[in-house]
Each structure stands twice: as structure tokens, then as C-alpha cells.
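Enquirer: Below, each chain spelled out in residue letters.
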Amino acid sequence: MFDFLSDYDDPSLLGAFWVTVQLTVFSAIGSLVWGTLLAAMRVSPVPLMRGFGTAYVNIVRNIPLTVIIVFTSLGLADIFGVTMGAPDDFDLQGFRLAVLGLVAYTAAFVCEALRSGINTVPVGQAEAARALGLNFSQVLRLIVLPQAFRSVIGPLANVLIALTKNTTVAATIGVAEAALLMKEMIENEAQTVLIGAIFAFGFVVLTLPTGLFLGWLSKRLAVKR
Amino acid sequence: MKFRKVTAAATTALVLSLTATACGGGDGDSESGSGGSDKIKIGIKYDQPGLGLKEPGGSFSGFDVDVATYVAKELGYEADQIEWVETKSADRENALSRGDVKFITATYSITDERKQKVDFAGPYLLAHQDLLLKADSDIKEGTDLNGKKLCSVTGSTSAQNVKEEIAPDAQLREYGTYSECIAGLQSGAVDAVTTDDSILAGFASQDQYKGQFKLAGLKLSNENYGIGVKKGDSETLNKINDALEKMVSDGAWDKAVKDNFGPANYQNEPAPQIGKIVQ
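Chains H and U are the protein sequences, given in the same order. For the first sequence, the UniProt record's numbering gives the first residue as 1, with consecutive numbering after it. For the second sequence, the UniProt record's numbering gives the first residue as 1, with consecutive numbering after it.
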């Protein structure tokens, strides 16, 4: 029943899911950094930065991810010549463009999760820190963000799980991850249900432990008030 | 008080009209479901110019559509009794086994794996994997592709052929649809688009692309397009085969090929014989 799996070696089933994992990890790191910066902008005292952060989040999170990813390839790469340092290697270029698109999109959700965490930190703490003579970035870095992060591990886990599943959109620009291999297999084997089940199971294997671990972590690290 | 009366009356009217329409809808459904003699459902693709395309106005055009219309006529259905159903590549086997459609004409290549799930009438067209190039391109044969940039559709057989056999050193970009590839070819981001020559000819024949592209004529593979019917439905299968033979013998087949692929200078194969699959 599963013997057709051995016909696929470029990418193999595990190789394709490995690309999915890589896409997820790189995009998660990128969107955590960019999302934190966006959140800092949205709570900053400078109106221009607040405006930029608000505009970015509201625009980007309302554009379908497929449109963003297809634009990175058809628009950025083909028309504007942004090749991400790999003009002659479509595989690498596609991967990097997909990470770029996923980071741009996911960061908006990371930012909003983080901003809700910042709102859980009592205003008195920031005021006390200001009174001690800390400036805005010190208050944020030393007092507010560490507490905010601990309270939003749960919501961030949701964002991470959504990101894992969203990596399948990278197949539209030819990144050889799980969804692309699934399409290839269905085209050749004419077994929609069985192949669909295999890949669905693969994603459950990836996301279920993530959710359980981060759920446990969020209970452990939550700031008890 | 008056207001409440009005609301009550309005609600009653609304509920009545809703139930009435619901009944009407139900009757209509069961009629067409159980009767089945007044309409025929045929699976095609909606997004392949020259083969199966849904026009902006809601009409359908293409070679697959012409063949299906001819076959339906032989089965006893006029053109206005045909209900077109979109069957995407991944869904074709299920649509047949569920009985959603009577038969499928949708660039459906006959392969051993698929024959285990469905039966094929035909083949009705022999296509080959080929390259679509810019009109001034200097690519002559498959090996010229090494080092060039090539585009095909994600997961398609053509894309797999390129990766494994034809030009392993070519840069292959896979997009979701052929239209995106054609856009890349037009802008110069890729050097060639590859899939079945019939599909490429269909794109190149579109008004907005006329004269810009040419087919390389390489015959990189053989794709025998068949008409898919439900496994075991040999009555329909035989009728369709008879219809296809008639279509070739009375010249309608040639005319359909000329009409749909003509402007791209497509060198079509002669009509294939029923049951003869070119490997």
C-alpha cells in the first residue's frame, strides 16, 4: 500500500518534511525578531514609528499569504530582480523568497500577540522604571518585554503552529516542501485520500508536540500576579 | 403595537417565501438527480486556453470542450443539455468514482496508475511534452536547456521529467499555474516554459500573445489524452469510443484541432487509433 513512497527520492518524504521544518524554523526566528521590533514601534513614544507599526500590521495581516508569497517570486524576483543572493539557483532563491514572505506575514501576528502581552504588564512598573532614570529602550528591554514574553507563550505557540501549516503555501513558488511533494504524488499515483492522509499525519506529528511543549512552558513561565 | 403587527406579517411572509423556495429547490434537485436523462455532467478544466477554458462571459471553449460536445451529441445530449463541471487534476479520479460527472475530458493522460482507478476511452489526442520559447530564442534541443531557466507547474509530470531526464542541470522554477509561467517568459525571467505541446499551443494562440512565442517541437514525451469514465462503465466507454471514431472519420476532429491550436503553428499528430497507446 505504501510501496510507492520508495519511488520518490528528490525530494523524499522525509526530505520534503525537512524542508518544511527548515522553512518553519527560519521564518519563526525572522518573524520573532521583526515582530518584536514592530511591537516596540507600536508602543513607542514617537508618533511616526507608531504610525508605521500600525499601518504595517493592519495592511500585511489582511493580505492573503498566497498573494504575498507569489508576489515575492513573480514581483520581487522576476520584475524587480531581487534574487536574495542566488540569481542562478532557483531552489535556493525560492526558499529564501518564501522565508522573506513568511516573515513579513507572520511578524504582524507576532507583533499583535506581543502587544497584548505588553498590556498585561502593570503601568506602575514602567513608571517606576522611568523614575529610576531608565530611558524608553531600557524600560522596554529590561522591565516590560521579559514579562510580556512570558505571558504570551501560549498565543505565540498558536502563531508558530499556524506558521508551520502556512509553509505549504511556499509550494506555489516551487519550494520543494511537503505540499509540493504531495501534489507530485497525487499527480502520479491517483490516490488522493491515502496520500492526503499521509501528509496530514506528517503535519500533526510536527505541530502536536510543539503545541504540547509550549503549552506546558507557558504554564510554567507565566508571571503570577 | 402596529409596529409589531407589521413585523409579524413581514416575518410570516419571509418564512413562507423561504419554505416555498426551499421546496422548489428540493424538487428541482431530486428531479435532475433521479431522472438524469435531461442533463449530462462533463468534467473539464476551466483554466487551459485551447483545451478547456471558461470565458469571461461564462461560455466554454477549447479542444477538450469540442470533443466533449461532439461525444455528448452522439450519446443523445444537445449542447444546451451539457452541464460543465470543473475537475482539477487532483480530483479527477474521485469525481468519476463518486459519479459527479459522466465522463472527463481534461488533458487526462492515460497512465497505468490511473487505469487502476478509472477506465479510459480513446485516446483522442497524442500530445508531447515540449518547450514554449520566445519567438527569437536560440534553444534547439533538450540538452540546450542545461544552465537555462525553465518554468513549469508545481508537481506536474512535465516538471518531474525535466528534473530527472531531460536537463538535470537546468534551473527549474515551479509555479502554481501556467499563466504565471507565461508571464515569466514574457518578462524574460525564464527562458522556456515546458508542458504538453497542446497546452502550450493553446496559450500561444491567445490574442494577447500572438506572434510572441514559438514551440520548439521537441517531442520530449508521449501523452495520450483519454476520456475518463467510471471504472466498469463499459457501456458508456464503448459509446464514447464509437463517437470518437465517428468524429475522426467525418472531419470534425481535424476542424477542432485547426480551430483551437491553429494560430500557434502547432504540428498536430494524426488522430490516434482507439485503444492504441503510444509509449
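None of these hints come from the bench; they were simulated from the model. Certain hints may be false.
[Unchecked claim] Within a straight-line C-alpha distance of at most 20 Å, the following computed EDC-like cross-link-like pairs (lysine to aspartate or glutamate) qualify:
(1) U:Lys230 to U:Asp207
(2) U:Lys276 to U:Asp119
(3) U:Lys163 to H:Asp91
(4) U:Lys115 to U:Asp91
(5) U:Lys239 to U:Asp259
(6) U:Lys276 to U:Asp242
(7) U:Lys219 to U:Glu269
(8) U:Lys163 to U:Glu141
(9) U:Lys117 to H:Asp3
(10) U:Lys214 to U:Asp144
(11) U:Lys163 to H:Asp88
(12) U:Lys214 to U:Asp136
(13) U:Lys115 to H:Asp91
(14) U:Lys163 to H:Asp89
(15) U:Lys231 to U:Glu141
(16) U:Lys230 to H:Glu189
(17) U:Lys258 to U:Glu269
(18) U:Lys117 to H:Glu189
(19) U:Lys148 to H:Glu189
(20) U:Lys163 to H:Glu112
(21) U:Lys149 to H:Asp3
(22) U:Lys88 to H:Glu189
(23) U:Lys149 to U:Glu164
(24) U:Lys163 to H:Glu127
(25) U:Lys163 to H:Asp9
(26) U:Lys163 to H:Asp7
(27) U:Lys149 to H:Glu189
(28) U:Lys230 to U:Glu83
(29) U:Lys115 to H:Asp88
(30) U:Lys231 to H:Glu189
(31) U:Lys149 to H:Asp89
(32) U:Lys219 to U:Asp91
(33) U:Lys148 to H:Asp89
(34) U:Lys148 to H:Asp88
(35) U:Lys117 to U:Asp233
(36) U:Lys134 to U:Glu165
(37) U:Lys219 to U:Asp119
(38) U:Lys115 to H:Asp7
Enquirer: Tell me, which hint numbers fail for this structure?
Expert: 1, 5, 13, 15, 19, 20, 21, 24, 27, 29, 32, 36, 37
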